[in-house]
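Chain B: place on chain A using the hints.
There are 2 protein chains.
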Amino acid sequence: MSLFCSFDNNLYLEILNLHFSLIYLVTNYLPLSNHTIIKYYDYMSRTKAIFLFFMLQITLVFAQSPPGYDLWLGYSEIEEPALLKEYQNTFKSIYFQNGNEMLHAAERELTTGIKKMLRKLPDFEKLRNSENTVVIAKKSNLESSLLKRLAFDFDQLGADGFVIKTVLFERKQVLIVTANEDIGILYGVFGLLNLMQQRESLKHIMLSDAPKVNIRMLNHWDNLDRTVERGYAGFSLWNWQKLPEYIDQRYIDYARANASIGINAVSLTNVNANALILTPAYLEKVQALAKVFRPYGIKIYLTARFSAPIEIGGLETADPLDLNVQNWWHGKVKEIYDYIPDFGGFLVKANSEGQPGPQNYGRSHVDGANMMAMALEPFGGNVIWRAFVYSEHDTSDRAKQAYTQFVPFDGKFRDNVLVQTKNGAIDFQPREPFHPMFGAMPKTPLMMEFQITQEYLGFSTHLVFLPKLFEEVLHSDTYSKGKGSTVAKVIAGSLNQKKLTGMAGVANIGTDLNWTGHPFAQANWYGFGRMAWDPYLDSETIANEWIKATYSQNPNFITAIKSMMLTSREAVVNYMNPLGLHHIFDTGHHYGPGPWVSELSRPEWNPVYYHKADEKGIGFNRTPSGSDATAQYAPELAKIFNDPKTCPEEYLLWFHHLPWDYKLKNGHTLWDGLALKYQQGVDQVKTMIVTWDDSKQYITPEQHNEVRMLLQIQLREAKWWRDACLLYFQTFSKQALPEGVNKPTKTLAYYKSLKFPFAPGIRPQWH
Amino acid sequence: MSLFCSFDNNLYLEILNLHFSLIYLVTNYLPLSNHTIIKYYDYMSRTKAIFLFFMLQITLVFAQSPPGYDLWLGYSEIEEPALLKEYQNTFKSIYFQNGNEMLHAAERELTTGIKKMLRKLPDFEKLRNSENTVVIAKKSNLESSLLKRLAFDFDQLGADGFVIKTVLFERKQVLIVTANEDIGILYGVFGLLNLMQQRESLKHIMLSDAPKVNIRMLNHWDNLDRTVERGYAGFSLWNWQKLPEYIDQRYIDYARANASIGINAVSLTNVNANALILTPAYLEKVQALAKVFRPYGIKIYLTARFSAPIEIGGLETADPLDLNVQNWWHGKVKEIYDYIPDFGGFLVKANSEGQPGPQNYGRSHVDGANMMAMALEPFGGNVIWRAFVYSEHDTSDRAKQAYTQFVPFDGKFRDNVLVQTKNGAIDFQPREPFHPMFGAMPKTPLMMEFQITQEYLGFSTHLVFLPKLFEEVLHSDTYSKGKGSTVAKVIAGSLNQKKLTGMAGVANIGTDLNWTGHPFAQANWYGFGRMAWDPYLDSETIANEWIKATYSQNPNFITAIKSMMLTSREAVVNYMNPLGLHHIFDTGHHYGPGPWVSELSRPEWNPVYYHKADEKGIGFNRTPSGSDATAQYAPELAKIFNDPKTCPEEYLLWFHHLPWDYKLKNGHTLWDGLALKYQQGVDQVKTMIVTWDDSKQYITPEQHNEVRMLLQIQLREAKWWRDACLLYFQTFSKQALPEGVNKPTKTLAYYKSLKFPFAPGIRPQWH
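Residue numbers (full-length UniProt numbering), protein chains in the order written: chain A, 1 to 767; chain B, 1 to 767.
So here's chain A without its partners, still in its complex pose:
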């Protein structure tokens, strides 16, 4: 297809490339004298023709087109001549094992990637022969002589892992991509393409990789009316009205993108669930999506509304110990598997924020989860039971409640239940200490729940690189089995020898042309997938990969933009919630600051509950003299957190209520330090703008302009946060702003008056 003005840069490069290819061709095959060839070169460089090409380049760079649809799978052309030549030699003759639709999907992807990066159609051979320079096949399909040459222990790969290795075989180099299973081949092909996008030489490649987590999952909070709770990138990808007949190309490209980073599970629907998704009218639509996702190794999960037996089953109760209820779920699960034989299972939000659950019937989370688990077990399905619970009847610190409710159940869940726990104990704030449950349920598979969509991190208009946040959580030490008991080890199952492991990310994907609203939000989808595959990966590696695959290979660009990305998360913490402040967002939509909000019915829905600012000071005392939430951590950690002098300052006001004149490590008073942090956040955004503007030359004007416009929004909103929060907190501190902090241009009354009835992503009325 061609877009508006799709006469793009690639085309120009193709033209130039073709010139040189032709020259090469002519030089080698036509009986021309060297003199003639030189003349042709000469002609090309001197005449108007070549001038026109340069003209063309200038104009093409200005061409309009909606960028970003191809995500990190742009497969930009290899421009380095030596590497191009190496790759072209490597891909002379490919043997690709024939097989099912998954192998075909892998082969299609390889074809696409090579065609775009090498500008040539790969030469596939139906049968293996001695000319093959690349062999892509499962272990069971490899000749024994090649297998021997590979000398690799396949046991370490499991089902999903793969090897990419160049071996000397029959006196020539052969690149082998192999695996135990089809899915390993698919991942291996994406791994190979990624190496090429990273411009790695394949001459001596020896890479084996296997995921460290079983279930690598996106949670879509998509409603059946296509609104997306906490969605800032348009609306739901799932066009239920046109399914099952109409398969949007988006579904396929979404599956490709997920497979490329190893995501193997998606929950299609909002955890605030609607039971209709479990009815035949919708199951036949889900079936159509499952068919699209299957070749890409992606299993579908659905959110199960606990009261579904009443709402669509005609029962009078949803009591998990009621035999009719149990039978209804057994029948429903069997029906689902009739539609979708590889159905993943249920994701359940129960007895949380108004959702029904087992407690409605005096039963426990274990009763509810195990009842569903029994129904799913015969089919190999799982229950993912969310631990995000807090009660309006429990007056204890909200941060303590999930732990209080769930830890006593450790070891009581059936084998196919995972307990999905948010990274922190409150709710996806810009920064939270890790959730204490991760150190406290050794007998239970705990599944990490990260939020990729930026509910509390600037929607899809702020540039914030979340892998930095993910990394901080995963590298946190729970001390549950002594020093080094990191959250990553809990999630990967290695700390407590778990067979079933998982990591979920609440998706930031919608119908926007570039999928995620902000082009840099693509990096958060990408980074989540990479960390779900390997929770030990560092965020800098991910940023590096993503920039190269998405924007540019230019080292200046990479250095500058990587640095911008890596500081972006600290910037948003600074201008929104510095020094351990949290949940001071305006309520409902969570757009912008609302630290003054105090009139909502449930105390823990009010920001004042979290910052507790008064004339004496600010912060939430969670030490033994306060809510004692620190007692939920290992003693080593509790000790550190309990003392403001040892408590990391980024968590200071999370754990402590401190006087305004409390001295920070840098010598500033708490008030001054807080104000300066807010200012620093704004200044960091300004620096991001400078960095971005300085990098203009390396990308297209459209690419530059898009992010530049978004950075303007981010700057305006960073100032809004700074000014509104400081004006409000100033009513308690009664102190002037320190030097270096800009004076607010509006009044506190103005900021309080702002209303946003149509901010995106608001939770709709339940149908």
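Rather than coming from a laboratory, the hints here were simulated on the basis of the structure.
Bear in mind that the values here come from a model prediction, so they are computed numbers and not experimental data.
Relax, there's no trap hidden among the hints.
With beta-carbon atoms standing in for the labels, derived distance ranges:
| id | chain 1 | residue 1 | chain 2 | residue 2 | range |
| --- | --- | --- | --- | --- | --- |
| 1 | A | A736 | B | A159 | 53 to 63 Å |
| 2 | B | G331 | A | E316 | 58 to 68 Å |
| 3 | A | F124 | B | G588 | 48 to 58 Å |
Result set (EDC-like, lysine to aspartate or glutamate): computed pairs, CA atoms no more than 20 Å apart in a straight line:
| id | chain 1 | residue 1 | chain 2 | residue 2 |
| --- | --- | --- | --- | --- |
| 4 | B | K746 | A | E284 |
| 5 | B | K562 | B | D694 |
| 6 | B | K562 | B | D683 |
| 7 | A | K686 | B | E245 |
| 8 | B | K115 | B | E80 |
| 9 | B | K755 | A | E245 |
| 10 | A | K755 | B | E311 |
| 11 | B | K562 | B | E545 |
| 12 | B | K291 | A | E702 |
| 13 | A | K696 | B | E245 |
| 14 | A | K755 | B | E284 |
| 15 | B | K752 | B | D614 |
| 16 | B | K755 | A | D225 |
| 17 | A | K746 | B | E284 |
| 18 | B | K126 | B | E101 |
| 19 | B | K115 | A | E702 |
| 20 | A | K412 | A | D319 |
| 21 | A | K299 | A | E181 |
| 22 | A | K120 | A | E131 |
| 23 | B | K755 | A | E311 |
| 24 | A | K400 | A | D427 |
| 25 | B | K85 | B | E131 |
If the Cβ cut is set under 10 Å, some of the chain B residues that face chain A in the computed set are:
| id | residue |
| --- | --- |
| 26 | Y232 |
| 27 | F459 |
| 28 | E702 |
Backbone N, C-alpha and C fix where the C-beta goes; we use that ideal spot for every residue, glycine too.
For chain B alone, coordinates are given in the frame of chain A:
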């Protein structure tokens, strides 16, 4: 930018093209013997290289990519060698008048079009010189000698018109595009590009064109939460959250598409209006859109909620005769013009379906409209006041009520008021007789309101070519000034010498990648624009233009697909509402049949109100023995409509209640004839599928597959309509289905049980 797998056909053509260009170059400039050249040709055709190119072509056609974004502005490459050469000669040297942003927009468009169609960058000259082969400039910028040679009467062009003419000047051919105003140049450039997309020779071109209607407008029914009432192509284009900073590329491409067909006005917001759009927070966002649209000659209108003075103005009344209210509107209008100096005016839905209006205060539509008109008049703004009214307190035939309310006001509206009237007296049905108001208000500028979005015509999943419907209405004869007093003449103002004229279309545009959901729904946007420009255009011409600009130049394809498009509207009438039936849609969402619905509170909201089927027969008696709605037409027409023997059978049950055994012109009883019409509709869809499948070879597999999937939905739903309606009407006729009509596969109870709580486009709760 490059999309997933964007390695497309164009690229292939470019490569091939470049080969031949190079050969040409080499042949002409390099000192090679003919022998060498032949060898090169030989080489190219014999070796693996050329084979690879063919391979490439085959594969590329299968490449995945989301098609349709570029609408009818794809500017596909000219493949006919003679024409390509002619065009290349024509565009050797272009003088394009320098000027404001509108002229720049026109020049950019020309650049884009030429680059894509001719594969070369146009050669623009800053100054006029004797080498120019194309001169694009306003009349005031043309040399007198050239002007003389042009010999054209510019008065007939008005502001918007243009001339495209090739003249012999200084012994060479010069193509001139000229106009009185900038906007004429913009339209002239689009006209020129359109000629090229139609593959017309420009050698002897003499085309002058000017719109016959002043206000050519899209009405978006977009809510501030981005849902779209009756929208089936995703969600609202207007991303209020990111405005004003973030200018989506879509806004620009939307403006280009509109300008290309002459649309010069858009109302951004739902007629079921929210007053917040008139507050500064939104006006600064509207201002940003106005800035994008201005170079494309598009004025913004806003929907004005009549009660806005209360809701956002703090007044206690919105009484149009209240001085405070009048002052408030004056101030508000001034404020809007401060933001948007070329603001178009207000579109108002008042006292209709629950919307507030002057009648709430005992005032009339004239009082309300004129009050707003006075506020807008100093700034040149208009009021577009909708005539779509019917009252829950009026028990007369709903079809009569708008006429009854409005006709007495003829001549009483201020000069800058247009009364916007739907094409028929009920509500955008698959077929309605033209609205009798068109023949009854000679002193009032009546603005046509068509619905482009397919609320009652199969959503964006049915292929229905609406210009056929528009044409039927526009060609209808009102007889208001004797025979030949067509609706087109009323709308164009020629019948009653109107200076202010307009045509509005309720937009079918959303965030879908292809803008309109169904690729063929693009033709309805296109066709609306073309008919708003020239209400006398015929639908076949439009179909022909659109197919060439969108899909293919292949004559076989054009013939087949044009025929499919031209019959598609009759097909949907047949399988939904044959023989004058109307409004038997399921209520609320209007998705699918609901002729049995009878329990809604207002009688005229129930389908049974409209078909009045009983054991005696079916149809709405609107003759003098019934509601006497026919009296609202000219006597000549009333006479025709009143007698079932002379009444066109397509309006039969609109005007008559007839017995089941009434004999149709074809000899069938009414029951049999009705059933056969439903069957015919289904069969027509089957034929469309055959036509489409037979045309597969002329387009890409993606293009083919997309429509094929949609046609499957259309076929399933056509059968649903047939079966559900016939089973229901059979309960009255008590007769068997005639031969040739397929037996329903489900029961009437089944069809009645279907519920669609999430059908798209439902009117949301008002905020």
